[in-house]
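Number of protein chains: 2
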Amino acid sequence: MPYTGEQFHLVHRTAQENTPLLLLQPCLALYKPFIHMIPQSQAAALTKPGYLTLVRRNVLRALGQQPPLPTPHRPGCDARAFPPPLPLPAAASTGGGQPGATPAPGTGSRPRGTQLGQPLLCVLQDGEVFEKAGVNVSVVFGILSEEAARQMRSRGKSLKAKDGKLPFCAMGVSSVIHPKNPHVPTMHFNYRYFEIEEADGTIQWWFGGGTDLTPTYLNEEDAVHFHKTLKEACDKHDLKLYPKYKKWCDDYFYIKHRGERRGIGGIFFDDVDSPSKEEVFQFVKSCAKAVVPCYIPIVKRHYHDSFTPEEKLWQQLRRGRYVEFNLLYDRGTKFGLLTPGSRIESILMSLPLTARWEYMHTPPESSKEAEILEVLRNPKDWVH
Amino acid sequence: MPYTGEQFHLVHRTAQENTPLLLLQPCLALYKPFIHMIPQSQAAALTKPGYLTLVRRNVLRALGQQPPLPTPHRPGCDARAFPPPLPLPAAASTGGGQPGATPAPGTGSRPRGTQLGQPLLCVLQDGEVFEKAGVNVSVVFGILSEEAARQMRSRGKSLKAKDGKLPFCAMGVSSVIHPKNPHVPTMHFNYRYFEIEEADGTIQWWFGGGTDLTPTYLNEEDAVHFHKTLKEACDKHDLKLYPKYKKWCDDYFYIKHRGERRGIGGIFFDDVDSPSKEEVFQFVKSCAKAVVPCYIPIVKRHYHDSFTPEEKLWQQLRRGRYVEFNLLYDRGTKFGLLTPGSRIESILMSLPLTARWEYMHTPPESSKEAEILEVLRNPKDWVH
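Residue numbers (the UniProt record's numbering), protein chains in the order written: chain A, 1 to 384; chain B, 1 to 384.
These are calculated hints, taken from the structure and not from any lab test.
Treat each hint with caution, since some may be false.
Same chains, same names: a pair is fine if it fits in one copy or spans any two.
Mimicking BS3-like on lysine-lysine, the simulated pairs with C-alpha atoms at most 27 Å apart in a straight line are [what the hints assert, rightly or not]:
no.	residue 1	residue 2
1	277	236
2	228	289
3	228	285
4	180	300
5	256	334
6	180	312
7	285	160
8	160	277
9	256	380
10	256	368
11	247	236
12	277	165
13	228	300
The shape of chain A in the complex, shown without the other chains:
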């Protein structure tokens, strides 16, 4: 999560403390059929009731501070159950990485947010099916910097700070999967939850997230399946959601200087805080549960498809556009990279393993390459 604050601080919250972590369960399931990289012990520990409370208590203890308010006792909440810091799984082809990123020399900065334990981050590189795939689970809390608060305000949130300080807590799961085969599309999803404590003690909360697909070549059947699955997840809650969030997705993933979308969209939403926390959470869970059924059938259908060197090359050029979007426009990436103390390797996990830029590459008219470009320039409605 890119949001970090200026100093360690406990945000006391009494209700639904660990509920957003339940979002993980459907997301983690995504990786089971193909990656087998997330040890079940870790997944289980993270989703265990009371985990979050215990992590906080432990962090405070480690810093020699005590929680300003006692954390209410809960059934199943036992200090001995506190899991040790989660080791980062070694990246497949790099011989294993160091868990902590080296601080940038010359930046003179210190971390401004507190990560609860090690982030649960898994990256697969050079796999059989996936060229690069990662999942990043993060829980951060602290004091929002004025810069971060301004960013939120510009998105419509009115926040009353006490002495310029806004305690916050953020948690989320994000994932990008870049397959090897150009007939299998890239998929990205991110679901996140924020809380901010205002001067008068009011808790502002909201959810954000989305799931979107980036094919190298257009397959209409896949596009319809993907959007239909997401629409069904949305429709269970409110028929207005899918059309609204489908358009938001097309608008958000717009590579302005190219006049193209990054992919064929999906759903995207942010700052959602109505009708009620419980209802939005139910909606977000439905979206997260739809990740596996909207994507995995497409992977299974195509990962054995044969492809030509020219098709691989076109995929690499599209990966170049993916890099352009992520580095130039993606709010999370930009914000994260500009925030001292953030974990660069986690933020840039979304970049493909390889990418390519050719000067003035223009596919021939009526080619398969021109067909996908047309859809990226003029988004279609895939389901009605």
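Mind docking chain B on chain A? Use the hints.
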């Protein structure tokens, strides 16, 4: 050149009208030994005396406007000598590109600057020696947008606008060369000249530019040769210039989120408007003339060196950092991409043909990869 304005306007200047174009001559020479891609006829036309005056007159005529002030007659300035729009040379491996970039649909924007004729842009892809190499010559004039003017002001220029309008003229040459062989470094140079007309008719002018080297592996002899050649070019004008511009280069090409410089530096300067236009121009010409002798001997020394797949892979990872710098930090790239009507393909010509991102790649201690990283993290003085 990224600077564009809001509407067509003639900036009348009476002296040294085409002198900055003379900068081209040493730069064009750089490409002769290896690329043979710039037809001599074009190079000759661009550097012909009176060319700029003639291009302006022709643009005004095409727009049905007349110059507000008559252009003084010059010897050798003959309307019949006006060259036709320069055709864009076809990019080697793309089957030839379209000269005009398609405007981004949905941006609803129009060009805000006027390019004098077609830009002289040459790109080589997949060559024997160079993986991707381009040279871009551009002359633009118009009215500075308030945004662009603000950018300049933030860099220390105080500009008095008339009704919020600042007529400007900008011209420059830029080039990036990404070689195939990982033992041949990437080289970049850019030399540019600006003029802005203030409310009272005062002309503000300044030069900017620089030359810098980005090796995949450190070769101390090459690094010393490169910096020594640049230092000699600077020292002819003022002994203070090289140390100042060497440091400016290390500071500018800093990838903050990585804590690394893009390469081993060179020289970089901006907003230089003293001691006099003629003296600065002489200095810039010396820098431009140094491009060939500082780089070509290094290319010749190494382009036949043998290399392993692992060395090629490390080169690709470094190319990824090059992309990160250019898309996230480079002022010209960012400004150009955000300016409606700018020519995207020219701006992104600087990106490498291919790049790679691996999660948590950390070279082993005391390896050749760690050696270059050390220098990128802690810049060295190569000449004293």
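Any hints from earlier that this structure breaks? Give me their numbers in increasing order, please. 7
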